[in-house]
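Residue numbers (the numbering used here), protein chains in the order written: chain A, 1 to 212; chain B, 1001 to 1291.
Treat each hint with caution, since some may be false.
[Said to hold, decoys possible] Here are the simulated DMTMM-like pairs of lysine to aspartate or glutamate, each with C-alpha atoms no more than 20 Å apart in a straight line:
#, chain 1, residue 1, chain 2, residue 2
1, A, 17, B, 1279
2, B, 1229, A, 56
3, A, 71, B, 1279
4, A, 70, B, 1279
5, B, 1229, A, 5
6, A, 158, B, 1279
7, A, 71, B, 1183
[To be verified] Negatives, chain A to chain B, calculated, CB over 12 Å:
#, residue
8, 39
9, 47
10, 56
11, 61
12, 87
13, 118
[Claimed, not checked] Each pair of labels, with its calculated beta carbon distance range:
#, chain 1, residue 1, chain 2, residue 2, range
14, A, 162, B, 1004, 51 to 61 Å
15, B, 1041, A, 167, 50 to 60 Å
16, B, 1241, A, 123, 30 to 40 Å
The hints are simulated quantities; they were obtained by calculation from the structure and are not laboratory data.
None of the values given here were measured: they were computed from a predicted structure.
Heads up, the beta-carbon is just placed ideally off N, CA and C, and yes, glycines get one too.
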Amino acid sequence: MAKPEELYDAILTGNAKMAEEAAQAALDANIDPNELLTKYMIPAMDEVGRRFECNEYFVPELLIAARAMKKALELLTPRLAAAGAKAAGRVVIGTVQGDLHDIGKNLVASMLEGGGFEVTDLGIDVPPERFVEAAREKGDGAIVAMSALLTTTMTMMKKVIQALEEAGLRSKVKVIVGGAPVTQQYAEQIGADGYSDNASGAVALARRLVGA
Amino acid sequence: MPIEGLSIIGESINDSVPSTHQMFEAGDWDGIMELARTQDAGGAAYIDVNVGMRTADFMAEAVRRIQQVTRKPLAIDTPDQDLARAGLEAYDPAKADGQPPILNSISPLRTRMFDLWAIQPFRPILLVSEHEVDGRAQPCRTPEETYRAAQCLLREALRRCPGLGNQDCIFDPGIAPIGSDVEGNLVRLIRAMEMIHNDPEFAGVHFSVGLSNFTVMLPSRRADGSPVKGPLESAFITKAKPLGLDMIVGSVKRRYELLPPEHPAMQCLEDCLQRPGFDALMRVRQFYTES
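So that you can see chain A by itself, here it is in the shape it has in the complex (with noise of 0.2 Å):
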């Protein structure tokens, strides 16, 4: 018997075997996956991030539990799309170009993912023409996120926001700034729309941005 409540336990505890498995049954029971994702998973994930908030989590719970998120979204997301369902909003995501660190900016797609973005991640030293070409391909109201860990590689998140104005998507897009050495002073700098300093964080950024 289909318990979908365990799916949610099984996602805060970061039980990803559990996760499929509550998951597959919810599904075979016929529940609507929509009303697993938006009841059962997200929620989930809320509340893995609202304990990290209060430093009751850390960043391997962040990372178990978005591992048991993923799988669970794996089994739903044939259905999620034949239904039509639509994701909270489009995240392109990438360390931008000359840094080769991701250990954050795959938490924060994690994260994301988890919290239901429909995510593409461009991956690591990524030129701006790449993040434009990918803005462009997720149309308006798409979220940009740019990672940097060096204070030498931050700058080129200016020349991306840069290239964005130069192809006319700057107004359509919202862009979200982070990495260690980025602070919110310098996303206003640079002209961003948001800054986090954190994954959990990046998550209710994104979520003010697009209105959901």
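Add chain B to chain A, keeping to what the hints say.
Chain B alone, transformed into the frame defined by chain A:
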């Protein structure tokens, strides 16, 4: 009690440390100099100087001010060529009993920094966690890639810096946070250190890591109230010291120690090496959630 044969590059004067950032922002040079004094007295062999994304003049000023209060050599810590130049130009070896500064760090993608040797001879920290593939920068994902990056960078350093020897070179194999290591970076690092350590071409070189990075993003206390970070960092030192680790960028306040094999942190580290990926992450979590 310091660990014999392990030198500390004091990490406190770094813009990424919030309190230091505030001092930089406020132009609080007295505070910065006090940090230098404290680390000197605490046993640091070098004093790291990382001013973040500030000007070359600011870096030069920082070097001059810090050298007023310590005779320890400095580690000029920046990936920026102009800031590195300014730091080296400002550095006065006479104020450090003739000892050269460290330049942290030169990677296979920043070999232009070797040109700065002409300004001031330095001990380079050679960052070998990245390399070039088909003209594009990539992280080293395997021990072999890391080893080859080290080989190329050592040869380049010896070729471009007249008078530089193996004994002046410090390799940084790139330590990643164990709390997010789902790709087996710790295994890569340890195996690469073994390969470099066992190769006669590298005889006499040193190893250094930014040790605080290893435990960043973890809680400070285990379930029983005992510390998390110090023991895990000590476990890393215990594992890596026989492979040549003899320097760390770290805190003089932390009580690093060599741990016995049965210590929980040591067992955690060994388990992570045996089962990399998410299993390692679960093991780290077990370390701090279970007493």
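Hint check:
no. : hint                         : verdict
1   : A:17 <-> B:1279              : holds, 13 Å
2   : B:1229 <-> A:56              : holds, 17 Å
3   : A:71 <-> B:1279              : holds, 16 Å
4   : A:70 <-> B:1279              : holds, 17 Å
5   : B:1229 <-> A:5               : violated, 35 Å
6   : A:158 <-> B:1279             : violated, 39 Å
7   : A:71 <-> B:1183              : holds, 18 Å
8   : 39                           : holds, 27 Å
9   : 47                           : holds, 17 Å
10  : 56                           : violated, 9 Å
11  : 61                           : violated, 7 Å
12  : 87                           : holds, 24 Å
13  : 118                          : holds, 22 Å
14  : A:162 <-> B:1004: 51 to 61 Å : holds, 53 Å
15  : B:1041 <-> A:167: 50 to 60 Å : holds, 55 Å
16  : B:1241 <-> A:123: 30 to 40 Å : holds, 35 Å
Hint compliance for this structure: hints 5, 6, 10 and 11 are not met, and every other hint is.
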